[in-house]
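Protein chains in written order, with numbering that gives the first Met the number 0: chain A, 0 to 76; chain B, 0 to 394; chain C, 0 to 533.
Calculated directly from the structure, the hints in this document are not laboratory data.
Just so it is clear, the structure is predicted and the values come from calculations on it, not from any experiment.
Treat the hints with caution; some may be incorrect.
Said to hold, decoys possible - Here are the computed lysine to any residue pairs in the SDA-like style, where the Cα-Cα straight-line distance is at most 20 Å:
1. K439/C x V116/B
2. K43/A x T31/C
3. K56/A x Y246/C
4. K480/C x V514/C
5. K56/A x V116/B
6. K75/C x M49/A
7. K277/C x K43/A
8. K315/B x M49/A
9. K63/A x K315/B
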Amino acid sequence: MKKGKKILALAAAGAGALYAALFAVFYFDLDGKLLFYVVEPFLKKHYDKMERRDIIKMDYDVDKYGKYEYDTEGGES
Amino acid sequence: MRDLKHLIYFEDLLQEANNALVKQAKAEGRRALGYTCYFMPEVLLDLEGCFGVRLRAPRCTSPDIATYYMSSRTCHYGRSLLERALEGGYNFLDAQMATETCTVTCRFQEHLQMMDVIKNPDFFCEFTDVPFKKTENSYLHFRKQLQAHVLDKLSEKFGIDTSDEALMRAIGQHNEVCRLITEIGEHRKEANPNITGYEFHVIQLVSLVCPKYLILPYLRETAEELRTRESEPRPWFRCKVVLSGSENDDPGFTQLIESCGAMVVADRYCYGSIPGREEIVVAEGQSPLDAIARHYIDTSMCPRYMEQHVMRQRKKQLADIAREYGADGIIVESNKFCEYWSYERTIDTIVLNRDFGIPVCSIEKEYINSASGQLRTRFQAFIESIEIKKIQEGQ
Amino acid sequence: MGKGEWKKKIKDFVHGKPHGERRLGDLYIPKTGLYKHREWRGIKDTMYYFNRIWLYNYGMMVYDIMRYGGPVLFAKGVWRYRWMGQTYLTVMHWFDRGFEGLRGPALRASAWHYRAMTNETIRQFMRMFAADANLHKGERNELWHKTMAHDETVAGAIFYPWRDVMDDVPLQMVPYFVTCHVNCHTVLNYIDAAQSIGLPGDPCPMCQAEAGLSILDDMPDYFPFLITSNEACDGSVGTSILQDWAYDKPLFAMPQPMQFDDPLVQEHCRREIEECWKFIEEQTGVPFDYDVFVKYIERYNELTRFEREKWDVAANTPYYPVNGVAQALYRIYYSQDGWRDIWAITDKKVKKILHRCVEKKINCFPEARHRVLAWSCAPLYYSFWCTWAYNCWGLHTVINMDSLMFDIDMRTDTREHLMEDFALYNEWAPMRRMAVGGYKHIFEVWEYMEKFHCDMVMMYDQVQCKGMQGIVGMFEDEFRKRDIHAIWMPHALPDSRTVSRAEIRRIINDYMFTVMHEEPLDPSLLDFDDSMSW
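Construct the complete structure from the given sequences, taking the supplied hints into account.
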């Protein structure tokens, strides 16, 4: 019984501490600071280095696609 | 080459929208109808009793008041037209047959609707909706629009005869202009043409801005003259180019290119003859209006067409024109702030060179450019690159 | 510290500082837009913000990612697409910027709007990733075959007939449009990419960015075909040319008539829509389902009716609880996107708040000095300017132009009626109807000023919009003639380099000081450096 209470108390304390920590993250904008100073610069470097296909080297087949035209039900003619 | 007999007269006709032939037609009681875009079929405006004038604003270098109304961040052409209208240069117009085919000319024409700009009590401005595709739905739509917003209005406001017979007569006159301009333009396909790109540009423009029935005699005479006109003994140009792109009614621009040594052998731009001077064919049993609606939709190569196959085939069509006219390269121009041609020019510049092996010079220009030193440098460099290419190919 | 000061401090702690004492500008870390600490809004509102907005939305984002495809797919998307990683991880700051200074029902109602947009954004990008051949080693899976792509300016309602069996995801809504609001730096890469292949700098930067996404190979390969449109302008038509090249897939162009007031164009418009439907049937092999179409139209009509109820409250009372930026973004997002469950869920919640505000006569923006109508196209990188303007000057943005689009309750009693109304609905799209849709509509501003009881216009001056630039002088003339206070706000839609946020604030400050002769409510917000801010 005592053990159960202890576990509950510990869980409540842990949850409380987590809640307080999250509040600190929120209040001091730590999420924003982490993203601004660490995550975004890292990802930007990654995107800048990525190999991408070059549109100028892509085919442009002028005859590839036909005409998309359909009979419709609507109205008078 | 001997000077063309009427060239100076033609040049004079291009100095003002309200030129001598427009004044003559007005004096004869005909109604003057302004328009800006190929999508307003000029043949409908040339019915008996009226005549079409494709609007220009020659020599307008500083559209100050129009810039107040339309800001400095819109196409210089649209602003120049408004400036000329505000100056009173279009007071001879009885109507503006408008199309919303590009944003800035639409806004210009809306100003004519909103403000009391045109000092003519009869004046009205009527918009026609123009489709973006070459489909049956588009033909039908365009035909209905032309009937309601052009023919019915002309009949109602000015008592113009818009019957099929009248349309057929207008088509007949229009087709004669087309035949003559085409014949004159064909000379540019010769190895050593007996006409310059500048001269052709002037001739094509007068056919757009003058009443057809009054300019026709001059065109006939010029075509006749060209049948026997002798070329320079040796070609005066270093290469031949197609000029393609957005609105261009400035023969000075063609002259600038030619002064650098490139003859403009084909004019594939707004106000040019490719497309523009193809004859209208009315099939048996077909209504003339239907033929007209189909003709203008089918012949136009405007980048506002959005269908996938049309967007793509425009590139091939341009390459075909270059080959047909024996051009060594293509100059693709777009007026600053012209959105359609900004995109089209971008892809033309890449694809025509890469896939069709045609050298391309891509430039952005203003409405009036003749004094541009920068452009001259660009053209000279382009011509030199073509010459180097020719030498390398020869080796 | 005297007793009075202690009392004041306790009061401020419990209830938050009154508007004039907040000094919100002091909270910023210079340049970054980050906060030294987030605003203390009093116990109730701070805890609401922490629990029901910050924690709740982080939690819901995780939940959304789990239910729409899972963390692995999400991580792959983050790693592959710049617009994803650089933008959406910072989403809570987007909330912060929109809600600075908000209290009570205004905070709650506005936050629900943001939550809905976040949910729909996650749903869309997770659908893109789930179908994306780029993230599946080039394999075109079943979802790829069941996802239709379209320009973001093609109304989502076009695809209702297939909503129960397939999905439609706009090409640019999430990779471009929403990114500009959340992190204004991302889009610059796409604008530069478009110009790197020779496009001039002057076309509309929205269209440039849309083209740039395809040029830079930053669009997921999630669709077998696409539908494009001429909405809103010439630039949109031009963009199709480059997109077609980059995507190289069957493309159906579904243009809207330009002269949409003309009764003669309606038949043409209707046929275009019907041809589009035939194209979809041909491409997918899935037949058009009229009943499903009607079902979603009727559901969407419910959203329209509530929108009108909101406008009624906004126009005639001070009890409207949605701030300017939430109103604008939510309305344009859902009306363009079309029916989704999340919009109805959100409207239900907001309706409750709205009704409570009206019943209890809660003035949600008590420091409003001027009721502002925002007209024309807004700066996407500074859509939250209205939050700043309210906090700094008491300028309360009641409604904006884009909110007023698609305003039609479509009849569903017969197919004829429905198609008539649907063609109009398709034509009354954002920007097309007013900004570039004929001067008569752009000048409806005077009617809406009257309807919404506004005494000031924030006139967006999109410097690269040819349609709006082409009519500036007439506006100037009319403003003078009608003696209307109008502030011109220059901007380049997504491109924050052309006119900075600081410059926009300076222009508003100048007008308020020199023309209105007013003093700021919060002087700390007059001038601050947020040049590197998201």
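Status of each hint after checking the structure:
Straight-line distance between C-alpha atoms of K439/C and V116/B comes to about 18 Å, which keeps the hinted pair within the 20 Å bound. A threshold of 20 Å between alpha carbons decides the hint, and for K43/A with T31/C the separation of about 16 Å falls inside it, so the pair holds. Proposed proximity of K56/A and Y246/C is supported: the alpha carbons are some 13 Å apart, at most 20 Å. About 17 Å separates the Cα atoms of K480/C and V514/C, which keeps this hinted pair within 20 Å; it holds.
Simply put, K56/A and V116/B have alpha-carbon atoms about 51 Å apart, too far for the 20 Å limit, and the pair is violated. In summary, the hint linking K75/C to M49/A is supported, as the alpha carbons are separated by about 14 Å, within the 20 Å threshold. Under the criterion of a C-alpha separation no larger than 20 Å, the hint pairing K277/C with K43/A is inconsistent with the structure, at around 43 Å. For the given pair, K315/B sits about 34 Å from M49/A by alpha-carbon distance, which is inconsistent with the 20 Å threshold.
The hinted pair formed by K63/A and K315/B meets the criterion: a straight-line CA distance of about 12 Å does not exceed 20 Å.
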